[in-house]
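Below, each chain spelled out in residue letters.
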Amino acid sequence: MSLAGYEVEVQRDGGLTTEEMTLNMGPQHPSTHGVLRFIVKADGEVMRTAIPDIGYLHRSIEKISEKVGYHGFMPYTDRVDYVSAMQCNQGWGMVCERIAGIQVPRRGEFCRVIACELGRIASHLLAVGAMVQDIGAYTPFLHALREREKINDLLEELCGARLTFNYMRIGGVAWDLPAGYPEKVTTFLDKFDPFIDEYNDLISYNKLYVERLVNVGVVSKEEAINYNLVGPNLRACGFKYDVRRDEPYSIYAELEFDVPVGTGEMGTLGDCFDRYMVRIQEMSESGKIVRQCLNMMPPGPVLAKVARKLKPPVGDAYIRVEGARGDMGWYVVSDGSEFPYRTKIRTGSFAAMSIVDKVSRGLMIADLIALIASFDVVAPEVDR
Amino acid sequence: MQEFIDRLIANGAFAGMPVEVVYALMMLLFGLVVVFGFFLPIAGVTSWLERRVWARIQSRIGPNRVGPQGFLQWLADGIKLLLKEDIVPDAADRPLFLFAPYFVVWGIVATFVVIPFSSNLIIADMNVGILYLTAVTALVVVGVLMAGWASNNKWALIGGIRSAAQIISYEIPAGLALLPVVLLTGTLSTQGIIRAQGWAPWGWFAFHNPFTFVAAFMFYVAALAEGNRTPFDIPEAESELVAGFCTEYSGFRYLLFFMAEWGNLYVIGAVATTLFFGGWQVPLWTDSVVLLNISQFTVFFLKSYLWVLISMWVRATLPRVRVDQLMILCWKYLVPIGFVNLIGTAIWMVIWPHGNRVVQYGMVLLAVAVLVQFFRRVRFHLRRARPELYYSPAI
Amino acid sequence: MAKNGVARYFKNIKDAVTTIFEGMTVTCSHLVRKPYTIQYPDRVPVRVQDTLPFRYRGILEVDLEICTGCLACERACPIDCIVIDAPKDQKTKEMLLTRFDIDIAKCMYCGLCSEVCPTGSIHHTTEFEGADFSLESMIRHFVKAPVVAYKAKKDGETDPVVAPILERGMRYIQEFAEPADMKKVKAEGKAAAA
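Residue numbers (my numbering), protein chains in the order written: chain G, 1 to 384; chain R, 1001 to 1395; chain H, 2001 to 2194.
Don't take each hint at face value.
Straight line, CA to CA, 30 Å or less: simulated DSSO-like cross-link-like pairs of lysine-lysine [stated by the list, open to error]:
1. G:K67 to G:K221
2. H:K2106 to G:K311
3. G:K309 to H:K2034
4. G:K311 to H:K2154
5. G:K150 to H:K2190
6. G:K311 to H:K2034
7. H:K2088 to G:K344
8. H:K2184 to G:K305
9. H:K2144 to G:K311
10. H:K2184 to G:K191
11. H:K2088 to H:K2144
12. G:K184 to H:K2034
Pairwise CB distance ranges, derived in the manner of DEER restraints [said to hold, decoys possible]:
13. H:E2178 to G:D153: 35 to 41 Å
14. G:T263 to H:T2018: 18 to 24 Å
15. G:T263 to R:L1040: 23 to 29 Å
16. H:A2131 to R:L1032: 42 to 48 Å
17. R:F1217 to H:D2050: 49 to 55 Å
Among chain R residues calculated to face chain G with C-beta under 7 Å, some are [to be verified]:
18. R1320
19. Q1325
20. R1379
Keep in mind that the hints were calculated from the coordinates and are not lab data.
Every residue, glycine too, gets a C-beta built ideally from N, C-alpha and C.
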């Protein structure tokens, strides 16, 4: 890619010539979450610009939908954001149901919400764990992964896979809850709330950790809205917007949960620490949602009857779901055949990548790592 | 050691050889014994133990296949790295690149000369022992800078420069933390410092007065920073710079850097024990010199290794500090506190030239209270999490 | 409290010491906890494959005894990893299965094929160890010699060899949710409410 407009600055300082260093935080790097590349111009430790270079994980998923059809695309949606695959399944299911006029049974909606919220906990665990590891603490990452393994076990019992779930179908979900499942989930959640407290004791308020994150990468509310940030990134700036609360879909309107917002408790509002804390608090909220769903689940079918060759009417539909990384937009244009004419997925990580350059001016290289980790950027979402 | 050799010569052991040659040969022999009999095994076993301790802290197991409980893992790793290709980047500065690991290892191994293993086991009881220690560990800076520069890799360069800044800066607090002890004993010799302490905790310098108590921890923190250990492992920050200054190294040269780091852990522990925690002091429980020396060696080794275990534990718990925060910590926090300690100890010595028994007992009680509170919190965490317990370290 | 200043200085020191102390108590408490690791594959009490749930989507397997040759799985597969040849035998007018290849390297273990199988002949097993040395071994050939496709019997299966296989297959596909006609469900709900 060309670096036109980003030429190196040469300064003459009383006879001493200094230059900026151009560093390449390449696609292979232990702490860019996936294959992301940054071209960093640094004056010693302080960065002048950090230009993201994306596209290393582009797999033409949107184009693939035009070949495999509506039903067949469901497994591919898992791969759009493989860290929180359930919400992607839901997005695709909902947009096809919208465009084809299919109604999901009530129990199916509850199953979907349970799966999505468990998936959200798993995704946030990975996000905060990876963030902590990038800052240098190795232990909390593994503790978070241990809890994520427990969720993976739960979801494996539910749908048979640990990462690429393919749990939902157009019209509901593929499997009902197995026998004894609510007890297992409740057991897990009972152990999970003390785990979050322990995690906070271990690392969240650790002085060294807090000092790494406060006042780093401050994003104001206006900037966040202008740059299209969504999800925890947006809520950390103090703007209380959650698709589940503001444009409720599925059965979220009946559930009681809080939307954590950044408070600037340790530093400035909208810094990395706020983004981190919002994710920690969201995990507890998701736990609450799952408990409510388990209590409120009605009996009944979980899947609606849908034609094997789904031929929706000509038109388009746009659906928003609250993914773990924020508001995911799913857009489908149908031309009446069994294959979509065009699918477009709008993900939160793509927007977060765009703000990295602006926010990273003046930060140190170590802060760039903390910044990317706090935006919870995953490469598959950026490149699809 | 010198008296030992002199006694041997007087008894006619080395018939006819000039004294200088005997000394030279003996120096070589002791050097080899220390390096191959002590330093290498300690560094290796520390690497294995670190992985096992880390693993338990992280809810996993660690190496347990190669040998009983994975004890030979470090040998296997060492042999594997020996057999690996020694890659020297094409554009790297070849002589500097090849030579850099040796400086780092020299800096660490040379400290073993003054480490007092027991009252009679010390290679050279120099009367400037502590000064020699701080001087020789500074050789590591040269090695790290050479490694960073010669790699012809911008990331390695950043790592090398960060490390140089870090080690040089933290020499100051480390030195300042040593000085109260030197004031108290009036000597720089390591054996002299130990002899000035008692075998019981209230005889140790750490609990002598509040200022040396703070100085003990300050020394430990500064020594951790000098050894590039988390929370100060920015030069080799894995998640930022891949491997920092040793990115381009492979094979045995890479191993040398890490052996130096693990060996340095032991040196930190040994020096902290010598200065603040009584060294090899044991009550005179036997008349036999050999038994006494063995018990002293054991006590010293256990005390030093306890600090090694604490280093591993700290590494597992704490995140990394950023470079500018590292500098702030050093210059704004540790150096002023170091000066306060120094002046405080000097004033203490004026007021109570022979130490204050009450304060010493009080400090020991304070330390015990802190430990008790620590284990009460551990029990709280276990009660809250209600996990499945498994006490045995062997899995 | 001022951003800078002496009070802030001492608060920083106090915060650092107390939070590091707290963190170290947590890690110390982990030293006596049971590790979460499963020492696969040799130090597990039960084979891992036998501990996995029935719904686990491992490597595909085809029970040719109950395959009806409907080709629903081949059509449903989003990645075209199933290749079936089911010609009609000219003489006996029965459907023959001459080729049933599944490329387990291509397969993405989504379960769409097993969902549409009418008898549960193609199903996921709990096997996940498929690594091998050659690419050819990644294609599993399930037809050794041409067989006649299965035809479901109206009064249930009586053949003692086929019956258990069919039973397992049906049990597998009964795990999948039964699609309901939402109009009927709605009407029933209205009738029940009325």
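Each hint, compared with the structure:
1. G:K67 to G:K221: Measuring from Cα to Cα gives roughly 41 Å; hence the hint is violated.
2. H:K2106 to G:K311: At roughly 27 Å apart (the allowed maximum being 30 Å), K311 (chain G) and K2106 (chain H) satisfy the hint.
3. G:K309 to H:K2034: violated (51 Å)
4. G:K311 to H:K2154: violated (33 Å)
5. G:K150 to H:K2190: Distance ~41 Å between K150 (chain G) and K2190 (chain H) Cα, so the pair is violated.
6. G:K311 to H:K2034: violated (54 Å)
7. H:K2088 to G:K344: violated (43 Å)
8. H:K2184 to G:K305: holds (11 Å)
9. H:K2144 to G:K311: violated (38 Å)
10. H:K2184 to G:K191: violated (41 Å)
11. H:K2088 to H:K2144: holds (18 Å)
12. G:K184 to H:K2034: holds (20 Å)
13. H:E2178 to G:D153: 35 to 41 Å: Since E2178 (chain H) and D153 (chain G) have Cβ atoms about 26 Å apart, the given range 35 to 41 Å is violated.
14. G:T263 to H:T2018: 18 to 24 Å: Given range 18 to 24 Å: holds, Cβ gap about 22 Å.
15. G:T263 to R:L1040: 23 to 29 Å: Check failed, 53 Å falls outside 23 to 29 Å.
16. H:A2131 to R:L1032: 42 to 48 Å: Roughly 47 Å apart at Cβ, these two residues keep to the hinted range, so it holds.
17. R:F1217 to H:D2050: 49 to 55 Å: holds (53 Å)
18. R1320: With a closest approach of 3 Å, the R1320 (chain R) hint holds.
19. Q1325: The hint holds - Q1325 (chain R) has a Cβ within 7 Å of chain G, the shortest such distance being about 6 Å.
20. R1379: violated (14 Å)
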